[in-house]
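Given the structure of chain A, go ahead and fit chain B onto it with the hints provided.
Taken in order, these protein sequences are the chains called A and B. Each residue of the first sequence is one higher than the one before, starting from 1 at the first, in our numbering. Each residue of the second sequence is one higher than the one before, starting from 617 at the first, in our numbering.
Honestly, the hints are just simulated from the structure, not real lab data. The C-beta atom is built at its ideal place from N, Cα and C for all residues, glycine as well. Be a bit skeptical, because a hint or two may be false.
[Said to hold, decoys possible] Output of the computed footprint for chain B on chain A, the stretches with three or more beta carbons under 8 Å from beta carbons of chain B:
#, segment
1, 405-413
2, 428-439
3, 462-473
Below, each chain spelled out in residue letters.
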Amino acid sequence: MSPKPVLAVDDFGFAYRQGRAWLEILHRVSFAIAPSEVLGLVGESGCGKSSIAYSLLGYRRANGATQSGTISLDGADLLALDRPALDRLRGRVVAMVPQNPATALNPARRVGAQVREVLTRHGMIRSRPEADRRCAELFSLVGLPEPGTIGRRYPHQLSGGQQQRVCIAMALAGEPKLLVLDEPTTGLDVTTQKQIVYLLRRLVATSDMAMLYVTHDLALLAQIADRVGVMYAGHLVEIGPTNEVLIRPAHPYTRGLLAALPDIRTGAQPMTELKGLLRRQDIPVGCPLYPRCPIAVPSCADNPQPLRPIATAHEVACQEYKGATATQAAMPQRSIPPARPTVTDTSPLVELRNLQLGYGAAVGLHRLLRSTPIQVIRQIDLVLNRGEVFALVGESGSGKSTIARSLAGLLAPLSGTIVFEGKPLPRSISRRTPDLRRRIQYIFQNPDESLNPRQTIFKILAQPLIRFFGRSGGALAPEIEQALRDVNLDPDYARRYPGQLSGGERQRVAIARALIAKPDLLICDEVLSALDVSVQASVLELLRDLQRRRGLALLFISHDLAVVRSLADRVGVLFKGELVTCDATEAVFRPPFHPYTQRLLDAVPDLHAAERRAAG
Amino acid sequence: MSNRDLGSIARGIAGHWHGAPGSYRVGAIIMLLHFLLGLFGPLLAPYGYAAMGTSLPMEGFSWRHVLGTDALGRDVLSRVMYGAPTVLTLAFSGTALGFAIGTSLGLLCGYLQNWFDELVQRLCEALISIPFLVLALMAISAVGPELAGKPILIVLVVALVYAPRTARLARSAALEIVTRDFVTAAKLRGDPAWRVAWQELLPNATGPLFVEFSLRAGYAPVLVGALGFLGFGLHPPTPEWGLMISENRSLMFVAPLSVLGPGAFLASLVVGLNLFTEGLARMLGRSDVVVRA
Chain A
1 MSPKPVLAVD DFGFAYRQGR AWLEILHRVS FAIAPSEVLG LVGESGCGKS SIAYSLLGYR
61 RANGATQSGT ISLDGADLLA LDRPALDRLR GRVVAMVPQN PATALNPARR VGAQVREVLT
121 RHGMIRSRPE ADRRCAELFS LVGLPEPGTI GRRYPHQLSG GQQQRVCIAM ALAGEPKLLV
181 LDEPTTGLDV TTQKQIVYLL RRLVATSDMA MLYVTHDLAL LAQIADRVGV MYAGHLVEIG
241 PTNEVLIRPA HPYTRGLLAA LPDIRTGAQP MTELKGLLRR QDIPVGCPLY PRCPIAVPSC
301 ADNPQPLRPI ATAHEVACQE YKGATATQAA MPQRSIPPAR PTVTDTSPLV ELRNLQLGYG
361 AAVGLHRLLR STPIQVIRQI DLVLNRGEVF ALVGESGSGK STIARSLAGL LAPLSGTIVF
421 EGKPLPRSIS RRTPDLRRRI QYIFQNPDES LNPRQTIFKI LAQPLIRFFG RSGGALAPEI
481 EQALRDVNLD PDYARRYPGQ LSGGERQRVA IARALIAKPD LLICDEVLSA LDVSVQASVL
541 ELLRDLQRRR GLALLFISHD LAVVRSLADR VGVLFKGELV TCDATEAVFR PPFHPYTQRL
601 LDAVPDLHAA ERRAAG
Chain B
617 MSNRDLGSIA RGIAGHWHGA PGSYRVGAII MLLHFLLGLF GPLLAPYGYA AMGTSLPMEG
677 FSWRHVLGTD ALGRDVLSRV MYGAPTVLTL AFSGTALGFA IGTSLGLLCG YLQNWFDELV
737 QRLCEALISI PFLVLALMAI SAVGPELAGK PILIVLVVAL VYAPRTARLA RSAALEIVTR
797 DFVTAAKLRG DPAWRVAWQE LLPNATGPLF VEFSLRAGYA PVLVGALGFL GFGLHPPTPE
857 WGLMISENRS LMFVAPLSVL GPGAFLASLV VGLNLFTEGL ARMLGRSDVV VRA
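Looking at chain A on its own, in the form it has when it is part of the complex:
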């Protein structure tokens, strides 16, 4: 590491005011970044990683306050700077690439003008032609096509990946010494994500700019970061070279995170090593992980755990880490899933025959206007058997969700039929019988959206019982309690509102709502993507368990190949509205691959990439 770091965060503590109390967001965090170094910060939602990112820009919300420590950026004491000094610093010394380029770019202005603004603001250009030339340079640097003219476009005329490249160009415009990236690829497809990561790696290699890369995706960091810091509940619990941390994790939390990742190469099951969930009010004065830690001893709760070096540049905030690493040489061995129990009845449950789907089909009086629908699914034939897990994978826009919506009856097909148990299924939900509606249940991507925030969990779960089984009054409570127990939730939750539950718990409620209807087919539309990694693993376990016990057929829609491999019996790969492969999971994930499957697989970040990079 070079002697003079670009950034030195020392003992930094930060809190938000909640009513009259202060909620600690960051607890005595210390780290440094050297020029042309990439530090990855990883952690789950609410761990404080984004708060660090914003603090480095000298930004804090009105209700936040620094509790301790200093941040020194390029020699300046960031926390002591006034507004004009910060304005000079932002963009020139530190710049940020936001999480969602679609909301970060002004939709009403041409992208070129937005980049030029950075240049003029910092007085880096004298004339318009110079500005245009500099913009074109920046656009070609970030690999945008037609760099000379693309600046004339508006954000909506660019793809998500291109928008993010524009944001990166904006960040680079001021030639900053530190680039802060807050989940820059979270909203993008895996293949686009791979291209952006390539771009960032090239940028670091060819300049002495340093990066702080904030993400929840450990495997992604393996591809880009030199060092990785792991955050938990506002504490930095482990920091070290990427290889060290990912291959020989020492902190129980890092180990838990890694174990929760399904492995696409082997199809190994993810495991949940950590108990329960992060609850800020349960955190003791000592180790923040104490209530959830598998190797905790009583003294952990009382002794604060500072970072202690355990190897070269590898530091861990855990007094018991030896106990964890000694018992298992490296990472715990994971079970490869056993062959599935054979389901007795595997007759086809649903058949999609010659199905064509699209949006904008004329209905009612608009038929007179003869609009041409936009076709999303050109033609698809698909069979789902009873009791099997069928996964549909593909990038966004490939039509996965469209198929699910038509199956649920939310979108009438343009042509073709859906056959359910040998009988054609009515096209729209309003024509289906209550029994048909009950037997096909749908779980949505985001539980924040799929549960009515103004209804108690009891009321949410009572709806299907009232509608499908005609239950009422006293008959509801026992069934709702049982349904909550089935998804491993405390029956007391019935009295709560969705806002009082965590993301994972809410998704469990959504699953309970689907299961309480006793369906034959469960449509899971990206049900894991809104959840944290360790929560994903436990929800996945729950789904798998319930599916086996009840012999449900599952249509599992996902863009995450690793999850699909660990769960599905059969996989269909969608590309631009066509099914390019459809086979048993083992066959799909075994060479020879279909070219498109190969592309998807290549794009999946691999935990061992750093190892290979170091070796090669």
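For chain B alone, coordinates are given in the frame of chain A:
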């Protein structure tokens, strides 16, 4: 309910009060005073509302007649106090009826988005395009003489004026809510439209609807007063404030208090409601309404 419950409720209200914007607090106090006036006014009034010759006609301020007397020698303050419950009841029940109709229609339209929606929207637009006083007068003349001057007619007219405006607001609120997945879940379950509107949409639209309600309720006394002023409201000798201003307007320069008195009461009610609404909107806009279990 135990004392502890009462204590915690009191603390909750105190906390609510403490954090509220100033305009909300001032508005709430003015409204509370009007409410008390509405409840106890008729009991406390020194004279009857139709008692003539309590003093010389057109008398100005005196301690016996704080707001003076009108042309018939009736005590203006007593008439104002007797009129308070009438004005408040008419304004609030008219607004409430208009809201009930408008909200149900608007939420249904926002959910259905079909021919019914088209029909209701065009109808609402037609009604909104007519100035509200003109619409009110048209409705009154269309109903005919049987109902003329009856309180129920005033309530219906206020409702007719407010329902289309509320429907549009409720519909636009519903349009945002129906894109959320819990509405889709209800649709997949096969819930009928009215049930979706009632159970899924309404609880999530209370914020903007509540603000709109108090805003409209603030204009309602003006509307009722205007009808009274024009002679299409309640019949004399009912002490309705707008009617009083109308009756006494010729005395404006002889006994100004007989006009300004009821005018000041009407104005303070409207200002109070508007301040309350403004503060309420700021509170609701500041943070989404927290659900307390």
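Hint check:
Here's how the segment 405-413 of chain A fares: 3 of its residues keep a CB closer than 8 Å to some CB of chain B, so the rule of at least three is met and the hint holds. Check on the segment 428-439 of chain A: 5 of its residues sit with their Cβ under 8 Å from a Cβ of chain B, so the three-residue criterion for coverage holds. Beta-carbon proximity to chain B at under 8 Å applies to 4 residues in the segment 462-473 of chain A; the threshold of 3 is reached and the given coverage holds.
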